[in-house]
Amino acid sequence: MASPMPSVGAMLRTWALMLGLLALIAASDYLPLGPYLPWVQFAAAAVIVVLLSFFWMNLATATAAVRIAAFSAIFFLLVMALLSFNDFLTRPMDLVPFHAPPGVPAPR
Amino acid sequence: MNAVPRARHHDVPVPPEVLHPKSYLREGSTLWSWLTTRDHKRIALLYMISITFFFFIGGAAAGLIRLQLMSASGNLVNDRTYTELFTAHGIIMVWFFLIPSIPATLGNFLVPLMIGAKEVAFPRLNLTSWYIYTFGGLLVVATLLSGGVDTGWTFYTPLSTLFSNTRVILAAAAVFVVGFSTILTGLNFIVTVHRLRAPGMGWFRLPLFVWSQYTTSVIMVLATPVLAMTLLLMAFERLTRIGIFDPALGGDPLLFQHLFWFYSHPAVYIMVLPAMGVASEIIPCFARKRVFGYRAMAYAMLAIGAFGFLVWGHHMFVSGQSSYASEVFSLLSFIVAVPSAIKVFNWTATLYKGSIELAAPMIYALGFVVLFLIGGLTGLWLAAAALDVDLHDTYFVIAHFHYIMVGGTVMAYLGGLHFWWPKIVGRMYPERWARIAAWLIFIGFNLTFYPQFLLGLAGMPRRYHHYLAQFQLLNQLSSTGAGVLALGYLLPLVYLIWAMRRGQRAPDNPWHATGLEWHTSSPPPKENFESLPRVSGLPYDYQPTSIGPEPPHPAGPP
Amino acid sequence: MSTPDAQLGVPAAAQLAAEQAPAEQFGTRANQNEATEFGMWVFLATELMFFGALLLGYAYGRHLDPAGFAEASRHTDLVIGTANTAILLCSALTMSLAIRAAQRLERGALMSFLAVSALLGLLFLALKGYEYHDDIDEGLVPWADFRITGVHRGAAAMFYFLYYALTALHALHLSIAIVVVLVYLVRLRAAAVAPYRQQITVAALYWHFVDGMWVLLYTLIYVASPRS
Numbered sequence: 001m002a003s004p005m006p007s008v009g010a011m012l013r014t015w016a017l018m019l020g021l022l023a024l025i026a027a028s029d030y031l032p033l034g035p036y037l038p039w040v041q042f043a044a045a046a047v048i049v050v051l052l053s054f055f056w057m058n059l060a061t062a063t064a065a066v067r068i069a070a071f072s073a074i075f076f077l078l079v080m081a082l083l084s085f086n087d088f089l090t091r092p093m094d095l096v097p098f099h100a101p102p103g104v105p106a107p108r
Numbered sequence: 001m002n003a004v005p006r007a008r009h010h011d012v013p014v015p016p017e018v019l020h021p022k023s024y025l026r027e028g029s030t031l032w033s034w035l036t037t038r039d040h041k042r043i044a045l046l047y048m049i050s051i052t053f054f055f056f057i058g059g060a061a062a063g064l065i066r067l068q069l070m071s072a073s074g075n076l077v078n079d080r081t082y083t084e085l086f087t088a089h090g091i092i093m094v095w096f097f098l099i100p101s102i103p104a105t106l107g108n109f110l111v112p113l114m115i116g117a118k119e120v121a122f123p124r125l126n127l128t129s130w131y132i133y134t135f136g137g138l139l140v141v142a143t144l145l146s147g148g149v150d151t152g153w154t155f156y157t158p159l160s161t162l163f164s165n166t167r168v169i170l171a172a173a174a175v176f177v178v179g180f181s182t183i184l185t186g187l188n189f190i191v192t193v194h195r196l197r198a199p200g201m202g203w204f205r206l207p208l209f210v211w212s213q214y215t216t217s218v219i220m221v222l223a224t225p226v227l228a229m230t231l232l233l234m235a236f237e238r239l240t241r242i243g244i245f246d247p248a249l250g251g252d253p254l255l256f257q258h259l260f261w262f263y264s265h266p267a268v269y270i271m272v273l274p275a276m277g278v279a280s281e282i283i284p285c286f287a288r289k290r291v292f293g294y295r296a297m298a299y300a301m302l303a304i305g306a307f308g309f310l311v312w313g314h315h316m317f318v319s320g321q322s323s324y325a326s327e328v329f330s331l332l333s334f335i336v337a338v339p340s341a342i343k344v345f346n347w348t349a350t351l352y353k354g355s356i357e358l359a360a361p362m363i364y365a366l367g368f369v370v371l372f373l374i375g376g377l378t379g380l381w382l383a384a385a386a387l388d389v390d391l392h393d394t395y396f397v398i399a400h401f402h403y404i405m406v407g408g409t410v411m412a413y414l415g416g417l418h419f420w421w422p423k424i425v426g427r428m429y430p431e432r433w434a435r436i437a438a439w440l441i442f443i444g445f446n447l448t449f450y451p452q453f454l455l456g457l458a459g460m461p462r463r464y465h466h467y468l469a470q471f472q473l474l475n476q477l478s479s480t481g482a483g484v485l486a487l488g489y490l491l492p493l494v495y496l497i498w499a500m501r502r503g504q505r506a507p508d509n510p511w512h513a514t515g516l517e518w519h520t521s522s523p524p525p526k527e528n529f530e531s532l533p534r535v536s537g538l539p540y541d542y543q544p545t546s547i548g549p550e551p552p553h554p555a556g557p558p
Numbered sequence: 001m002s003t004p005d006a007q008l009g010v011p012a013a014a015q016l017a018a019e020q021a022p023a024e025q026f027g028t029r030a031n032q033n034e035a036t037e038f039g040m041w042v043f044l045a046t047e048l049m050f051f052g053a054l055l056l057g058y059a060y061g062r063h064l065d066p067a068g069f070a071e072a073s074r075h076t077d078l079v080i081g082t083a084n085t086a087i088l089l090c091s092a093l094t095m096s097l098a099i100r101a102a103q104r105l106e107r108g109a110l111m112s113f114l115a116v117s118a119l120l121g122l123l124f125l126a127l128k129g130y131e132y133h134d135d136i137d138e139g140l141v142p143w144a145d146f147r148i149t150g151v152h153r154g155a156a157a158m159f160y161f162l163y164y165a166l167t168a169l170h171a172l173h174l175s176i177a178i179v180v181v182l183v184y185l186v187r188l189r190a191a192a193v194a195p196y197r198q199q200i201t202v203a204a205l206y207w208h209f210v211d212g213m214w215v216l217l218y219t220l221i222y223v224a225s226p227r228s
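Going down the list, the sequences are from chains A, B and C. Here my numbering is used: position 64 in the first sequence is 64, and no number is missing along the way. Here my numbering is used: position 92 in the second sequence is 92, and no number is missing along the way. Here my numbering is used: position 26 in the third sequence is 26, and no number is missing along the way.
Just so you know, the hints here were simulated from the structure itself, not pulled from any lab data. Check before you lean on any hint, since a few could be wrong.
[As the list claims (entries may be wrong)] On the chain A side, residues computed to face chain C include the following (Cβ under 8 Å):
#1 L17
#2 M18
#3 L52
#4 W56
#5 V66
#6 A73
#7 F75
#8 T90
#9 M93
This one's a predicted model, so the numbers in the text were calculated from it and none came from an experiment. Cβ atoms here follow ideal geometry from the backbone N, Cα and C, with glycine treated the same way.
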């Protein structure tokens with residue numbers, strides 16, 4: 001059996017916190033956050049996901065194997081992103097569309 | 001010629017029964033009982049039949065390719081058919097043979113036996129994965145029958161999305177579907193190894209074959225979904241002409257290549273890690289020595305599995321990827337050679353002062369080590385970015401990865417089939433024929449692919465249906481080798497099937513091997529063990545004959 | 001692992017005895033429970049990687065043309081998106097309450113919470129469908145008369161391509177989750193909780209994964225640009 005779920009009060013508090021963070025994300029578009037905008041949003045979203053997975057999916061009390069399974073996927077996603085961006089960030093990329101050779105249907 | 005290879009210390013009397021009375025093969029003989037089975041051993045045989053079918057289809061395509069290349073002008077098939085042939089060869093061999101080869105057959109059969117479990121964790125899922133594989137197989141057959149596909153097995157955009165007018169979507173659907181069977185197999189093995197080990201079977205008492213299956217499963221579970229999504233995106237882009245890969249639409253074909261190789265390079269390790277596991281079982285047994293550096297072997301496999309995810313960019317050195325990225329990928333690719341070298345070193349050290357017997361499985365296993373070594377070392381050439389610019393898309397690359405995937409994996413797969421055939425069917429294979437076949441395969445393989453190294457160095461590009469006259473002699477040597485190789489592959493097909501009915505009855509442990517699978521009957525009963533085994537020692541408890549008799553089995557009744 | 005079973009009364013204990021015997025390969029019920037839970041987590045890891053390819057595509061596009069992605073994001077419906085996120089967070093709460101009820105073998109509460117979760121899921125899908133309808137009306141379909149033109153057209157088209165791919169994939173996952181919940185509701189009509197308690201707990205993991213994934217998608221899709 002999975003670990004016991006938190007008490008109803010704890011759940012309601014977690015839920016309220018989640019909704020608050022959601023409100024923060026939604027409002028962030030209207031706040032003068034400048035370049036910090038995405039970071040605030042991602043941090044808030046990450047907190048929601050952590051609350052959800054740690055306390056409602058019981059990751060906090062899960063066995064080591066379960067935690068390894070959860071984090072290995074995140075780790076290898078990060079590897080994928082890091083090494084791909086290792087390329088994207090170090091090569092010139094521009095917005096001018098590639099010109100298709102003659103005879104190739106143009107994009108609609 | 002049908003003799004059990006010389007029994008060493010004690011001649012085990014062969015049991016009088018034709019088959020063990022409780023053999024899993026006797027639990028129903030109707031087709032329906034096979035198609036609805038949940039028994040991991042029977043599912044292994046279902047997979048074996050399926051992948052053998054695709055092995056020979058893919059092999060037939062390879063045969064036609066080599067026939068075509070007998071002459072420089074290449075008159076057998078036209079360019080388009082040739083392209084479709086090597087695409088079919090690649091797709092079928094990679095996804096319908098090599099990836100499921102050892103895990104889905106030997107792995108399915110052996111992982112529960114080796115860890116002392118009665119079943120895999122999710123038997124129904126296991127059967128489902130075979131049905132998914134079969135459905136994917138039907139799709140690939142439909143692709144072939146409806147005209148084939150000409151993108152190469154890599155489905156590179158924008159060739160696949162814009163230019164190709166062949167059955168790209170059908171082929172991608174086949175690969176997409178078969179990927180899910182891989183994922184389910186991997187998921188099953190991971191949970192099985194974690195939760196179903198027998199009492200006393202700690203992680204560092206696991207046979208290295210189980211370690212290899214475990215690592216492979218992790219790669220399957222984490223890499224395959226990325227391929228599935230990538231192919232889905234490719235198909236969608238082809239259909240709607242909108243997407244993220246086509247530069248005309250603001251996309252980036254290199255994004256496709258990054259995603260594709262994020263899966264497909266680890267996929268190489270899906271193919272070769274299980275082969276390493278097989279070699280790690282066979283070599284200690286036929287050298288009568290404990291495997292050298294057990295923990296290093298286990299950690300090396302985990303390291304290969306992890307580093308395998310970091311090196312994909314070495315497939316893209318000439319793709320337009322930034323040179324900085326190429327340098328990083330090049331460096332990381334060199335690092336993955338370290339654990340691979342540890343393994344080769346440890347296999348060699350296991351042989352040192354062992355009582356080596358060149359029985360058929362051992363010939364295959366040693367052949368695997370030699371061919372893997374050559375393939376791995378030439379891999380270092382290709383990992384060097386500057387050199388790769390010269391060798392990219394030449395036959396050097398073809399030879400390199402065939403040394404790993406065919407020389408490595410197929411050799412080990414066949415070695416494993418021979419090694420465990422007595423356990424699987426309860427009868428011995430004909431040893432002399434098996435040795436002949438092993439040598440034929442080893443010689444035929446080298447004759448086929450060694451000339452391709454030379455062709456590549458001389459500059460012959462891959463994927464063309466004809467070539468310059470100066471390459472003809474080496475190509476003819478290669479094609480001759482392919483003929484020898486084909487004969488070598490057909491022999492086991494014949495005598496292993498023959499042995500199922502006519503082979504000499506196998507004792508429970510014909511090789512005097514350690515490992516739990518040898519402590520149950522041949523073939524095992526449906527529930528694998530008469531009583532649940534209890535493990536109290538390390539694996540590979542072999543001792544050279546010169547030192548003394550072997551210690552008692554590590555596993556006994558509880 | 002500690003369980004709340006100790007706090008349960010005698011009738012509940014009798015129910016527990018009726019919990020299915022473990023499948024033979026697992027030996028004990030506890031081992032089977034941990035194995036199925038672990039198996040679900042491994043599957044969720046797979047699912048995350050499945051979404052991962054699309055997420056990398058998103059990161060690529062946003063890196064290539066941040067302004068284009070911002071402009072495209074401004075055309076999304078923030079109200080529906082936020083409402084839908086709130087709905088899914090509520091469903092996550094009710095699903096957690098359902099697990100709690102299942103652990104305590106409270107059949108009535110379990111069925112109510114499952115039903116509410118399924119309804120919230122359906123509400124999400126209905127709003128999502130309405131939003132798709134609006135998107136199509138507003139010319140936000142990149143393969144048919146795309147409304148955003150100019151230098152950012154390429155990136156915006158990519159954004160909407162990923163928007164449809166990600167949200168449709170998510171909707172597919174949510175639909176599967178709803179069907180699973182409905183199946184357990186039907187089964188529970190004529191059965192005790194105990195035999196299904198572990199299965200529902202594991203299915204809830206999937207539900208929560210779908211919710212968490214949506215929070216991520218919401219952040220990537222709806223709020224990628226300042227709107228003030």
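Against the structure, the hints:
no.	hint	verdict
1	L17	10 Å, violated
2	M18	5 Å, holds
3	L52	5 Å, holds
4	W56	4 Å, holds
5	V66	5 Å, holds
6	A73	4 Å, holds
7	F75	10 Å, violated
8	T90	12 Å, violated
9	M93	6 Å, holds
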